[in-house]
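Participant: Heads up: the sequence lines are chains A and B, in that order.
Terminal number for the first sequence in numbering that gives the first Met the number 0: 189, no gaps in between.
Terminal number for the second sequence in numbering that gives the first Met the number 0: 211, no gaps in between.
Derived from the structure by calculation, the hints contain no laboratory data.
Take the hints with a grain of salt, since some may be wrong.
Which bits of chain B does chain A cover? Going by a derived footprint, with three or more residues having C-beta under 8 Å, they are [said to hold, decoys possible]:
(1) 74-81
(2) 191-201
Not close to chain B: a few residues of chain A, all C-beta gaps over 10 Å, as computed [what the hints assert, rightly or not]:
(3) S14
(4) I25
(5) G30
(6) I36
(7) F50
(8) K55
(9) D65
(10) T87
(11) S102
(12) N105
(13) S140
(14) L148
(15) N155
With a Cα cut of at most 27 Å, we get these calculated DSS-like pairs of lysine-lysine [claimed, not checked]:
(16) A:K55 to B:K167
(17) A:K42 to B:K196
(18) B:K167 to B:K1
(19) B:K205 to A:K116
(20) B:K86 to A:K167
(21) A:K55 to B:K205
Where a beta carbon is used, it is the ideal one built from N, C-alpha and C, also for glycine.
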Amino acid sequence: MKILILCDRESTTESGFNLSLQAEEILKQVGCEVQTIVLNSDKIKPCIGCFGCWVKTPGLCVITNDCTNDISHIFMRSDAVVLLTRITYGGFAPDLKTFLDRSIPNILPYFEIYRGKMHHQMRYDKFPWWIAVGYGESSESELEIFRELSEHNALNFRPQKHFCLTAKSAGECQDVLQELKRIFTEEVSA
Amino acid sequence: MKRIIAVNGSPKSAESTSGALIKTLEEYIGTTIDSFRAVELVRREDAHKIIADILKADILLIVFPLYIDSLPAPLLKLLTQIEQTAKACGSSLPTVYSICNCGFYEAEHNSLALKITRNFAKRIGANYRYGLGIGCGGALAQMKKGPVDNVYAALRDMGNTIKAENSKESEDVFVTPKMPRFLYRIGGNIGWRQIAKKNGMLKQMKATPHSL
Numbered sequence: 000m001k002i003l004i005l006c007d008r009e010s011t012t013e014s015g016f017n018l019s020l021q022a023e024e025i026l027k028q029v030g031c032e033v034q035t036i037v038l039n040s041d042k043i044k045p046c047i048g049c050f051g052c053w054v055k056t057p058g059l060c061v062i063t064n065d066c067t068n069d070i071s072h073i074f075m076r077s078d079a080v081v082l083l084t085r086i087t088y089g090g091f092a093p094d095l096k097t098f099l100d101r102s103i104p105n106i107l108p109y110f111e112i113y114r115g116k117m118h119h120q121m122r123y124d125k126f127p128w129w130i131a132v133g134y135g136e137s138s139e140s141e142l143e144i145f146r147e148l149s150e151h152n153a154l155n156f157r158p159q160k161h162f163c164l165t166a167k168s169a170g171e172c173q174d175v176l177q178e179l180k181r182i183f184t185e186e187v188s189a
Numbered sequence: 000m001k002r003i004i005a006v007n008g009s010p011k012s013a014e015s016t017s018g019a020l021i022k023t024l025e026e027y028i029g030t031t032i033d034s035f036r037a038v039e040l041v042r043r044e045d046a047h048k049i050i051a052d053i054l055k056a057d058i059l060l061i062v063f064p065l066y067i068d069s070l071p072a073p074l075l076k077l078l079t080q081i082e083q084t085a086k087a088c089g090s091s092l093p094t095v096y097s098i099c100n101c102g103f104y105e106a107e108h109n110s111l112a113l114k115i116t117r118n119f120a121k122r123i124g125a126n127y128r129y130g131l132g133i134g135c136g137g138a139l140a141q142m143k144k145g146p147v148d149n150v151y152a153a154l155r156d157m158g159n160t161i162k163a164e165n166s167k168e169s170e171d172v173f174v175t176p177k178m179p180r181f182l183y184r185i186g187g188n189i190g191w192r193q194i195a196k197k198n199g200m201l202k203q204m205k206a207t208p209h210s211l
């Protein structure tokens, strides 16, 4: 299985429980092919809401002087994407969110009704598994929103499978890593 | 008179729906709202000074479009910067209100984004009043009355609440313009096709450049 780990800068450090390195190691142990990309919101330009990716260069962002289209390329060709982020008010951290805002070329502008509500149509037949992993000291309300957000993201991107894992402490991070291991061990052996 | 500051979270440089909503609210309240664009403010070297000034206001309005079920990244980044400054701020903080509009029909899509701004207010220790979620954001630029009367009524309500002294936290409010969903969906889809056609891209609209 080909896995892309997208992480915020903090998850490569002690305060982010070195989660990115640990996740990469554990996924390699179970036989997955893993690539990690550390996202930096100071290097990725923010989406400017121009919709050029839908009507000028369909499927590709019109901002081409950073690596976002390349990351999208790796993203869409992966079987699963693991998003490691500090939970920020219940959502993703700015490093992750800057990239996610720039990932709308991967869906279509057209509307459709899906599970009772309006959403965009899919551009690709398959969207990689979506595994959101949120870490950091968070309130109950923030944790709940992070889980709900993962459900909503799944309605908009429609991955075949999606998971949401959260860890408030280094100890809980170990549980999250074991859960990641379980998810992918089952898949690799299936 | 209360001092009101708005943070416009739209990354668009001109004619954003968020900017228009701030202007309308300004008319309803009848006082000047100092407005800052998040995308510009986060890049400024003197951002911390402006943020310190924002925190001295009576009311902070956070107005933005829905991006991937939550806040546009530059706005999110700005909120984290405000949080840092607020930690060192001894004085009382502004009461926070937020308005989120989305291109989808149903206003409820904005629910999580509004909750995120509520959590931001809690993190900095500010009062949060309520949020307003607006559906069919794409229609607001083209219509000023009729189906969107309820949107403007909800904005007027927010204006009145801001003018009043009541700072009690309450539930978020959601308002979807009164138009049939199928019409909004068809209108939207035709609109996308027309723009793509103008760009000579109609046939390529469903391109899949990252396919295996």
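Participant: It remains to establish, for every hint, whether it holds in the given structure.
Facilitator: Quick rundown of the hints versus the structure:
For a cut-off of 8 Å, the count of residues in the segment 74-81 of chain B with a CB near a CB of chain A stands at 4, and the three-residue condition holds. Proximity of the segment 191-201 of chain B to chain A, defined as three or more residues with a beta carbon under 8 Å from a beta carbon of that chain, is established by the 5 residues found. Listed as a non-interface residue, S14 of chain A keeps its Cβ farther than 10 Å from every Cβ of chain B; the least gap is roughly 14 Å. Even its closest Cβ contact with chain B, about 27 Å, leaves I25 of chain A beyond 10 Å, as expected for a residue assigned away from the interface.
With 10 Å as the threshold on Cβ separation, the claim that G30 of chain A sits away from chain B holds: the shortest Cβ distance comes to roughly 21 Å. The Cβ of I36 of chain A sits about 15 Å from the closest Cβ of chain B, beyond the 10 Å cut-off, so the non-interface label holds. Its beta-carbon lying about 8 Å from the closest one in chain B, F50 of chain A breaks the requirement of being farther than 10 Å from that chain. Non-interface call for K55 of chain A relative to chain B: violated, since the shortest CB-CB distance, roughly 5 Å, does not exceed 10 Å.
Look at D65 of chain A: its CB is around 13 Å from the nearest CB on chain B, clear of 10 Å, so calling it non-interface holds up. The beta carbon of T87 of chain A sits about 7 Å from the closest Cβ of chain B, which is not more than 10 Å, so the claim that it is off the interface is violated. The Cβ of S102 of chain A does not lie farther than 10 Å from every Cβ of chain B; its closest approach is about 8 Å, which violates its non-interface assignment. At roughly 7 Å, the least C-beta separation between N105 of chain A and chain B is not larger than 10 Å, which violates its mark as non-interface.
Listed as a non-interface residue, S140 of chain A fails to keep its Cβ farther than 10 Å from every Cβ of chain B; the least gap is roughly 6 Å. Not every C-beta of chain B lies more than 10 Å from that of L148 of chain A, the closest at about 5 Å, which undercuts listing it as non-interface. Under the 10 Å C-beta cut-off, the non-interface status given to N155 of chain A relative to chain B is violated; the minimum distance is some 7 Å. The suggested pairing of K55 of chain A with K167 of chain B is violated, with an alpha-carbon distance near 47 Å, which exceeds 27 Å.
About 33 Å separates the Cα atoms of K42 of chain A and K196 of chain B, which puts this hinted pair outside 27 Å; it is violated. A distance of roughly 17 Å separates the Cα atoms of K167 of chain B and K1 of chain B; the hinted pair therefore holds under the 27 Å criterion. Restraint check: the Cα-Cα separation between K205 of chain B and K116 of chain A comes to about 22 Å, which is no more than 27 Å; the hinted pair holds. The straight-line distance between the Cα atoms of K86 of chain B and K167 of chain A is roughly 21 Å, inside the 27 Å bound, and the hint therefore holds.
With a C-alpha separation of about 12 Å, the suggested pair K55 of chain A and K205 of chain B falls inside the 27 Å cut-off, and the hint holds.
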